[in-house]
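Number of protein chains: 2
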Amino acid sequence: MNIGVDLGGTNIRVAVMDDNGIIIEELGCPTEAENGPLPAIEKIIAMIQSLQEKHAVRSVGIGAPGPLDAKKGIIIEPPNLSSWKNIELTKMIESAIHLPVYLENDANAAALAEALIGAGKEAESVFYITVSTGIGGGYVYNGKLISGAQGNCGEIGNMIVDPHAIDAPNLNKGALEALASGTAIGRKAESVFGPGHGAKEVFLFAQEGNQEAAEIIDEALSYLAMGIANIVHTLNPEVIVLGGGVMKSKDLMLDPLKEKVVPLLYPSLRPHLKLKLASLDQKAGVVGAGMIPRQFLQN
Amino acid sequence: MNIGVDLGGTNIRVAVMDDNGIIIEELGCPTEAENGPLPAIEKIIAMIQSLQEKHAVRSVGIGAPGPLDAKKGIIIEPPNLSSWKNIELTKMIESAIHLPVYLENDANAAALAEALIGAGKEAESVFYITVSTGIGGGYVYNGKLISGAQGNCGEIGNMIVDPHAIDAPNLNKGALEALASGTAIGRKAESVFGPGHGAKEVFLFAQEGNQEAAEIIDEALSYLAMGIANIVHTLNPEVIVLGGGVMKSKDLMLDPLKEKVVPLLYPSLRPHLKLKLASLDQKAGVVGAGMIPRQFLQN
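These protein sequences, in sequence, are chains A and B. For the first sequence, position 184 matches number 184 in the working numbering, and the numbering has no gaps at all. For the second sequence, position 81 matches number 81 in the working numbering, and the numbering has no gaps at all.
Rather than coming from a laboratory, the hints here were simulated on the basis of the structure. Do not rely on the hints blindly, as some may be mistaken.
Chain B side only, calculated, beta carbon under 8 Å to chain A, not exhaustive [stated by the list, open to error]:
no.: 1; residue: Pro67
no.: 2; residue: Ala168
no.: 3; residue: Asn172
no.: 4; residue: Leu264
No experiment lies behind these values; they were computed from the predicted model shown. Backbone N, C-alpha and C fix where the C-beta goes; we use that ideal spot for every residue, glycine too.
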């Protein structure tokens, strides 16, 4: 059995699971990132140790927000874990629990779970895209996570889809994340509906038939469609799985998105497009984290 | 020993090579595509048979222009093999030579050769980009060609980098190939320097210090840099290898291209960019074709 740790900006989830990714027992607590890394790491260790007492755990996988150095097990400086800077996370936890600990980007961990036991199950190749505050992704081929030379595979939020579009901090001009993320939709909401309005209101208004809200969503989907078409022409994955809070509404998002992607593909690829909603929901992160150790053992 | 066949719009090359991709003997002839597929296929068979008589050949790999169906061994309808339409190429050749025959996209074949014994040798992951009449590519991970669910991995010519840019036939609006290929440079050359001028003149004029020619190249390189940055953020390959006629000039192309790609990458990725010129030149196609059979045997 392995333990998966989903280290988020708000919550930490720790779960012990069998080799099929079935969760046997799960613990959780708030991250309280504002208190710095040490208290949070102590809580992770305590939760792992309490699970170790009851279960025969072989190894631990952690999914955490980037940027991070997966190979060295270091959290570099994630925007949503402020004051975490060059933290040797795997080393610190390993020395306390005496088991091998592995680290991966949280989107990569979720990609692994969705590819192996979620919406991409049984496909040879799966590209996972998460659309929430930011846009990220992960690529799983033949059951293996392709992590990339510096662990940055799937950083599609920075993909340029419109070099004439707006600037956004820490991103390329016209990057996908600046145009199609929840943050991008929220920014548009504020400029159209006034301060205090965000992505949530846009979806609410659109469902009520508001034309301006529908246009905001339509623009974001148009850019997302370009990003997806670019991934298809670059990698031709068998299945593309869409997760993240923004994608939740099938009627409002997935179906219109499909309609926009198809005409952007080479004609021979159009009938083969498989765009699916993620099926593991909130669990993808912690389950995928628990699957990371096996990835290394297979190498 | 294996045989590689490089089936091009102008010439056919057939070579027998050892397991290291070293060519032992090579034959060639013009394709004469205008005569239709049958005479060309007969010439391929005759060349293979003449090599079979002298060498212990185990299998044959063919690199051919897309679109094609690699798994079924069918040439679908390539623009530069007009009148070839749904040709069951591997079946036709297999029945004549009684050896297993494998088919791959020509850019994928070249990618394999450059990754295994060319400029990407010893890298874990290599993305190969060819910039000539069109723009294509291929992705090799851990020594294996990632072909894609429908064999369309590396079709980056259709990647959207500027949705406000010009339309081009059979491509997305603002596709990389429409903005940065030899054809795109040639089209600009005609509009700036008048009919009869093409990409060749642009490079000549630029080398002589002509400002307008330099601007045409600069614009193509800017778009190519966006395409490369998009590939880096999608796949984070260890090495990117650039082949094709347009990339030949290191001073004019590779060095300025590097300068344009670096600022488009996440800061942590900038020091790691490895952009290299292809090293096998014209041979990549036929050598890579000869390496295709081994890819299937390894599966």
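How the hints compare with the structure:
Interface hint at proline 67/B: satisfied, since its Cβ lies 5 Å from the closest Cβ of chain A, which is below the 8 Å cut-off. The restraint placing alanine 168/B at the interface with chain A is violated, with a minimum CB-CB distance near 13 Å, outside the 8 Å limit. Annotation: asparagine 172/B was flagged as interfacial toward chain A, and the flag holds, the nearest CB pair being 6 Å apart, inside 8 Å. Satisfaction of the interface hint for leucine 264/B is found here, the shortest Cβ-Cβ separation to chain A being roughly 6 Å, below the 8 Å cut-off.
In this structure, the one hint that does not hold is number 2.
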